[in-house]
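Start from the sequences, fold in the hints, and give me the full structure.
Protein sequences, first through last, are from chains A and B. Here the numbering used here is used: position 128 in the first sequence is 128, and no number is missing along the way. Here the numbering used here is used: position 76 in the second sequence is 1076, and no number is missing along the way.
Hints were generated in silico from the structure; no laboratory data involved. For glycine and all other residues, C-beta sits at the position ideal for the given N, C-alpha and C. Among these hints, one or two may not hold up.
Pair by pair, the computed Cβ-Cβ distance ranges are [said to hold, decoys possible]: (1) T58(A) - V1109(B): 24 to 32 Å; (2) L195(A) - I1289(B): 55 to 63 Å; (3) T58(A) - W1108(B): 19 to 27 Å; (4) G204(A) - H1210(B): 28 to 36 Å.
Chain A is nowhere near these chain B residues, computed Cβ spacing over 12 Å in every case [unchecked claim]: (5) L1170; (6) V1178; (7) L1201; (8) G1206.
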Amino acid sequence: MKNELLRVEALSRHFGGLAALNDVSFSVATGEIIGLIGPNGAGKTTAFNVISGTMPPTSGKVIFAGKDISGGPPSKVVVSGLARTFQSTSTYPQMTVAQNVYRGMLSRIEGGAVARLVDRRERLLASTQVSNEIDEILDMVDLQAWREVAAGSLAYGLQKKLGIAVALATRPTILLLDEPAAGLNHEECNELAKLLRQLQQQHGLTLLLVEHHMALVMELCERIVVLVQGEKIAEGTPAEIRENPAVIEAYLGAPDYAHA
Amino acid sequence: MTQFSMPDLTLGRKQLTLLGLLGVLSIVPWFMGAFVLHLAILTSLNILMVNGLSIIARAGQLSFGHAAFAAIGAYVSVLFSVEFGWNILLTSALGIALAAGFAFLLGWVILRLKGVYFVLVTFSFGELMRLALLDWSDLTGGANGIANIAPISIFDFAFDSRSRFYALALIVAILSIVLMRRLFSSHFGQAIDAVYENAALAESTGLSVHRIQIVAFVLGSTLAAFGGILQARYIGYISPESFNPGISVALITMLVIGGQRSVWGPLVGALILTPLPELFRGAVHTQNIFYGAVLILILRFLPGGLASVTNLFKGKEKQ
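Here it is, written out as structure tokens:
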């Protein structure tokens, strides 16, 4: 595969006797939008948590940019360039939108005593530089109008967008999105699709979506990985997945995927 | 488009007025006799120690072992001075360094615990420290403690009177407040607040919650050790009971009543609660009931503590 960025290698995660994730492998190329789908209980969230370092795998590896990142901790995974968003909204509610984004930048600029000793990267950006970067990120997600508004008072859809902005503030090369469309109305969903495509095309971001919303995945993703009961049952382009009998069966043969 | 700026350190007019009043208040004890001077010294030391506690609390953990770190600082400093005759600056540095080391090791292990579990372990640590000091009587003097501790003297200038020591304690207290203001307007201070407000989000943006809590715990415990050292040199006597878990609880009470999320909380708490037990010596037992009631009322109706009442102190922090 050309320019492989992320490789999930024979990943398993057991909870007691239950194999929430069983020997799942796939890889993501640089600049790709890939979707991870499956019915409820398929192991999508487990896969998401293991890849982002929130929980360690029982066996298998997550290789990101040539490095084994399995087992986290998440903060370390993020610093290496793999960021995540949350399924429900996750912000610092009392802080303004700009301050939320600033906090997303902190891991790159914060000169904590210990970090300064062990990390040689350039830190402690000047205030104007911070301000410019905040503007840049708010422009990317079109939240500039809400810059000085407290995050907690934003509408749900905007809070989810802010979640993406905060993740972008870490300057990731790949962004893992945990059900970005959950709770959004039709219009917001279209806007989200536009935003994600922009991030890929204009900012060269690689995206991995874990998603329930079939229409969004089919429209947006170049490749789709289907999980059922912890196992990968199919992988391919949206057209291939749509025709795949195993996938159709897993989704009870529903002809209308929009609300599977 | 407004420019993003770090929290502002300039003070508004109301804040300056209040600071001026505090400045006058801090000078008054020199003219009020020994007892008031004594209270002022204890208040200053409590401001220092509660500031330490507040750094830990702002990172999301409540330490019930704060007095234990004061004990480490005090005992190490005093013992090395008594046993080896080392210079007080050296033994103080050693006491602080050892307390920091202890905090690092303990923090590394127990800061993964959350909420009440962390509280329980730090409480146990405080009690263990007291018992260890009691038991190790060959070295520590056990329950009798160590008396006749020489006062601090730097370059032949001895802080051996109340009025001299108050000058030292006051400067230290002021410096600790300056440190707090600088800390919580720095990137690292913002990271501490981020961890408190949404640990999962902070972690997912590359801020290691564990690392930040360890640094906060070490920093806060270091201030406790410093306070313990000063207290030992001021009172001239230490025993395991000088640093029992009850002291930790008293410091927590000051923090909660003063305000946990404000730089001014520890100041307010120490200022109000240090003199009270000394003034109401006659009501030793009833006053604890009173503190308990006040604590519950504050937590229920004023979670931001007294420092949040006016917002005069908070100025631009609150938007």
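Okay, the hints, checked on the actual structure:
Distance hint for T58(A) and V1109(B): a CB-CB separation of about 25 Å, consistent with the stated range 24 to 32 Å. In this structure the supplied range 55 to 63 Å holds for L195(A) paired with I1289(B), their Cβ-Cβ distance being about 58 Å. At about 26 Å, the beta-carbon gap between T58(A) and W1108(B) stays in the expected band of 19 to 27 Å. Take G204(A) and H1210(B): their Cβ atoms lie about 32 Å apart, and the range 28 to 36 Å holds.
With a least beta-carbon separation of about 27 Å from chain A, L1170(B) lies farther than 12 Å from that chain, consistent with its non-interface assignment. Residue-level check passed: V1178(B) sits 18 Å from the nearest beta carbon of chain A, beyond 12 Å. Distance check on L1201(B): its Cβ comes as close as 5 Å (rounded) to a Cβ of chain A, failing to clear the 12 Å threshold; non-interface status is violated. With a minimum CB-CB distance of about 3 Å to chain A, G1206(B) fails to clear the 12 Å threshold, and the non-interface call is violated.
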